[in-house]
Amino acid sequence: MRTPINWKEPSEVKPYPDLNKVSDFWVKVKLKKNRTYLMSGNKVIYTMYSSGGMYHDQNGKKVSDTPTGTFHIQKERGDEFFNQSLNEGAKYWVSWKDHGVYLFHSVPTLEDGKFNIPEAEKLGKEPASHGCIRLSVPDAKWMMEHLKEGTKVVIEN
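Just so we're aligned: the sequence shown equals residues 5 to 161 in my numbering.
Simulated from the structure, these hints should not be mistaken for laboratory data.
Heads up, a few of these hints could be off.
Said to hold, decoys possible - List of simulated lysine-lysine pairs, DSSO-like, C-alpha gap at most 30 Å:
| id | residue 1 | residue 2 |
| --- | --- | --- |
| 1 | K32 | K65 |
| 2 | K66 | K37 |
| 3 | K12 | K129 |
| 4 | K25 | K118 |
| 5 | K156 | K66 |
| 6 | K18 | K126 |
| 7 | K118 | K79 |
| 8 | K65 | K18 |
| 9 | K95 | K129 |
| 10 | K156 | K18 |
| 11 | K34 | K129 |
| 12 | K145 | K129 |
| 13 | K156 | K32 |
| 14 | K47 | K129 |
| 15 | K95 | K32 |
| 16 | K65 | K79 |
| 17 | K126 | K152 |
| 18 | K152 | K95 |
| 19 | K36 | K66 |
| 20 | K95 | K145 |
| 21 | K18 | K36 |
| 22 | K152 | K25 |
| 23 | K152 | K65 |
| 24 | K12 | K36 |
| 25 | K101 | K12 |
| 26 | K36 | K126 |
| 27 | K34 | K65 |
| 28 | K126 | K95 |
| 29 | K101 | K47 |
| 30 | K34 | K152 |
| 31 | K65 | K12 |
Please model the entire structure based on the sequences and the hints provided.
Here it is, written out as structure tokens:
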């Protein structure tokens, strides 16, 4: 892993995996660890710094705004978006639940398209999103370009 964490750089110094050479590829997200793992079967082949949904109290338990369970990459993806109601956007996104609602995407952007530095600095350190999985800018771009529709995504606390 690259240290210190830099949201402008890939999470690891080694190259991203060539998925043409990977069998049984899937993605695992560990919310409390603030990490996203690219998997080949049971083996981690690449680790990304990430930040999932913020936690809140629900019936005396801490619950993340990010749904947990098994999902699959959906067809929706794009270079950027801006959500007027949240006053927040991001670059390089790909959907994994509810067709454009829950995404892997870059650290957040402001309305002018510039990155929100205080929010970006939380990457890999703390839960910070409204439910999506935030990644470094290059990691998000790689995910958008390489995750095929139907790829399994498992999200755990």
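For each hint, the structure was consulted:
1. K32 - K65: Holds, at roughly 23 Å.
2. K66 - K37: 15 Å, holds
3. K12 - K129: 15 Å, holds
4. K25 - K118: Roughly 36 Å between the alpha carbons, so the hint for K25 and K118 is violated.
5. K156 - K66: Roughly 26 Å between the alpha carbons, so the hint for K156 and K66 holds.
6. K18 - K126: Answer holds: K18 to K126 is near 23 Å, not above 30 Å.
7. K118 - K79: 26 Å, holds
8. K65 - K18: 38 Å, violated
9. K95 - K129: Holds - the C-alpha atoms of K129 and K95 are around 20 Å apart, at most 30 Å.
10. K156 - K18: This hinted pair holds, its Cα atoms lying about 23 Å apart.
11. K34 - K129: 12 Å, holds
12. K145 - K129: This hinted pair holds, its Cα atoms lying about 20 Å apart.
13. K156 - K32: 9 Å, holds
14. K47 - K129: 23 Å, holds
15. K95 - K32: Status holds; Cα separation ~21 Å.
16. K65 - K79: 34 Å, violated
17. K126 - K152: 28 Å, holds
18. K152 - K95: Within the cut-off at roughly 18 Å; holds.
19. K36 - K66: OK: K36 and K66 at ~11 Å, within 30 Å.
20. K95 - K145: 8 Å, holds
21. K18 - K36: With a Cα-Cα distance of about 24 Å, the restraint between K18 and K36 holds, given a limit of 30 Å.
22. K152 - K25: 15 Å, holds
23. K152 - K65: Between K152 and K65 the Cα gap is close to 35 Å, so the pair fails against 30 Å, i.e. violated.
24. K12 - K36: 22 Å, holds
25. K101 - K12: 26 Å, holds
26. K36 - K126: OK: K36 and K126 at ~13 Å, within 30 Å.
27. K34 - K65: With Cα atoms ~18 Å apart, K34 and K65 stay inside 30 Å; holds.
28. K126 - K95: 17 Å, holds
29. K101 - K47: 24 Å, holds
30. K34 - K152: 21 Å, holds
31. K65 - K12: 34 Å, violated
Violation of the numbered hints given earlier is confined to hints 4, 8, 16, 23 and 31; the remaining hints are satisfied by the structure.
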